[in-house]
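Participant: Generate coordinates for the entire structure from the input sequences, incorporating the hints supplied.
Order-wise, the sequence lines are chains X and D. Sequential numbering of the first sequence, starting at 99, is according to our numbering. Sequential numbering of the second sequence, starting at 1322, is according to our numbering.
Quick caveat, the hints were computed from the structure, so don't treat them as lab data. Built from N, CA and C at the ideal position, the CB exists for glycine as well. Don't take each hint at face value.
Estimated spans, in silico, between C-beta atoms of each pair [as the list claims (entries may be wrong)]:
(1) X/Asp265 - D/Arg1387: 36 to 42 Å
(2) X/Gly335 - D/Asp1369: 23 to 29 Å
(3) X/Pro152 - D/Gly1501: 20 to 26 Å
(4) X/Gln277 - D/Gly1339: 38 to 44 Å
(5) X/Asp138 - D/Arg1417: 32 to 38 Å
Derived coverage of chain D by chain X (criterion: at least 3 residues anywhere in the stretch with Cβ under 8 Å from a Cβ of chain X; other residues may be distant) [said to hold, decoys possible]:
(6) 1346-1352
(7) 1377-1385
(8) 1461-1472
(9) 1477-1490
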Amino acid sequence: MSRHLDLDDLADLLAGEGTETAVRHVAGCPGCSAALDDLDRAQAPVQAALAGLPAPAVPDDLPARLDAALLAARERDDLATTAAGAHGSAARPPTVVPLHRVRRRQVSPERLLAGAAGVVLLLVVGVVALANTRGGGVGTTSSSAGSAAAPAGPPAVPTSSTGTDYDSGPEALGAALPQLLQGSTDPRQSITGAPGGGADDPLARLRDPAALAGCLAGLRAPAGPRPLALDYARFAGQPALVAVLPAGDPARLVVYVVGAGCRPGSPETLLTTQLARPS
Amino acid sequence: MIADDERDRALLAAHLAGDRDAFGRLVGLHRDRLYAVALRTLAGPGGDAREEAADAVQDALLSAFRHAPSFRGEAQVSTWLHRVVVNACLDRLRRRAARPTVPLPDEEPATPRDRLAERETALDVQAALSTLPDEQRAALVLVDLSGLPVEEAAAVLGVPVGTVKSRCSRGRARLAEQLGHLRNRGPARPVPPGGDAPDPGVRQSGGAT
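Facilitator: Here you go:
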C-alpha cells in the first residue's frame, strides 16, 4: 500500500484535486477513508465559523487618507500635464512609449532614439520651467535620467537624510535651508528612493511615496502640498521629517517639522515656521 | 453583480474622460470590502494588522489610479481592484517573511475565559486564520470571507482554479484541526504547522511556532 495520506492530501481529495495515487490509496485504506469522511463533516462548521467573522471596523481616518492620497496623485499628474503643455506638446503628460508597443517594422532605431531623446529633452525642459515658475533659481534637481525609464512622475525633490537635530528650531532650519534646497543630485536619493528605510529606520514609513504624499496633503499648506526639499532628521531628540514647502508669499517658504506617524488627520506637527526664501 | 460592474465601469470611464471625482467615488464603493480583505490577509500571529492593512489599501488604490488607463476590461472592475489589493498584501507578507524578526511574546487575550461563545469563536477563528500559510489564507479570505466565486478568486490570485480549490481546502482542513473539529486524523504523520511543501515558492510568515 502507498504511504498514508496527510491532511493536505485529504484536503486535496476533498476539493477534487487529489492525485491518482491518493484516490487509489483511500479506496483501499479504511483509516484514511475514515479521516476523509471526518474532514468532509468538518467543512460545514469551519465555513460557518468563517462566515461568522464580523466585518472589521474601517479606521476612522481611512476615507480622508485615501482622498488625500488621490488628491496628491492627481496634483502630480496635473503638474506633469502643465509642464508638457507649456511647451506646445499635446495635453498628455510626456511619457516614453515602451518599445514593445512600437511597431518595429515602421520605426527605425534612429527614429526611436531621436524620439526618446526628444522626450527626455521635454522632461528636462519641463522640470526646469517648473523650477523657474516658483520664483527664481530654486535648485530643483532634474531626474530625467531616472524618470525616462518610467511613466512621467514628479520632478525629483531635493531630499537629504542628515539626521540633524534641529533643536533650536527656526534658527537651525534657516541655517540649513540653502543646503537642503540643493539636496543631493544623486538620483538614488530622489523622492522615490531615498536611502535609509531599513527595518530600524524610524522614518521608514515616510520614505514611502504614498505615505509621504498623505502626510504632506494633510498639512494643508497654504500653497499646496508639493515639497521643495525634504530632510529625514530629528527634532528635540526624536525622529522627524523636515518638509520645506512654498508659502503664499513667493519670497518666503514654510517649513514643517513632523513626527514619524504623520498622516492625514494626524499630522504630528512638531514645529511650523516661515522663513525667507534663500536668494 | 452585473449591475454593480456596469456602474463601476461607468465610473472608471468617467475618470479616464477627466471626471475628477469619479475615481474617488469608485474607491468609496469598494473601500470597506477591500480593507476587510487586506486586514484578514495581512493578519499574522504578531497581532494588530490594522495600520498595515490601511497602508496596503492606500498603496493599492494609488497603483490602480496610476494604471487605470491600462485596465482592458477583461475582468470585472471589482476583480481588478481585489487583485491590486491582494498583490499589495502578498508583497508585504513576502517582505515580512524576508525580514529577520524578533519573535513576539505570546499574547493571551485580556478578556476572561467566561466570555460570550460567539466572541470566543471569532477570536479563535481569527487567530487560527493568522497561522495559515499566506497563500492559503489569501485564498480563503477571498472565497469564504469575501464570497468571491472560485473562478474570480483564481483571476485575482493569478493561479489556476484547481490551485485555488486546493489552497482553500487545505486552509479549511488546518482550521478544522485547530478549531477542534477533527476527531480522526487517520494513520498518517501530522502536517507540520505552517508547512505547505507541494505549493512551490511560498514563504511562510506564520512560522512553525
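Participant: Enumerate the violated hints, using their earlier numbering and listing them in ascending order.
Facilitator: none
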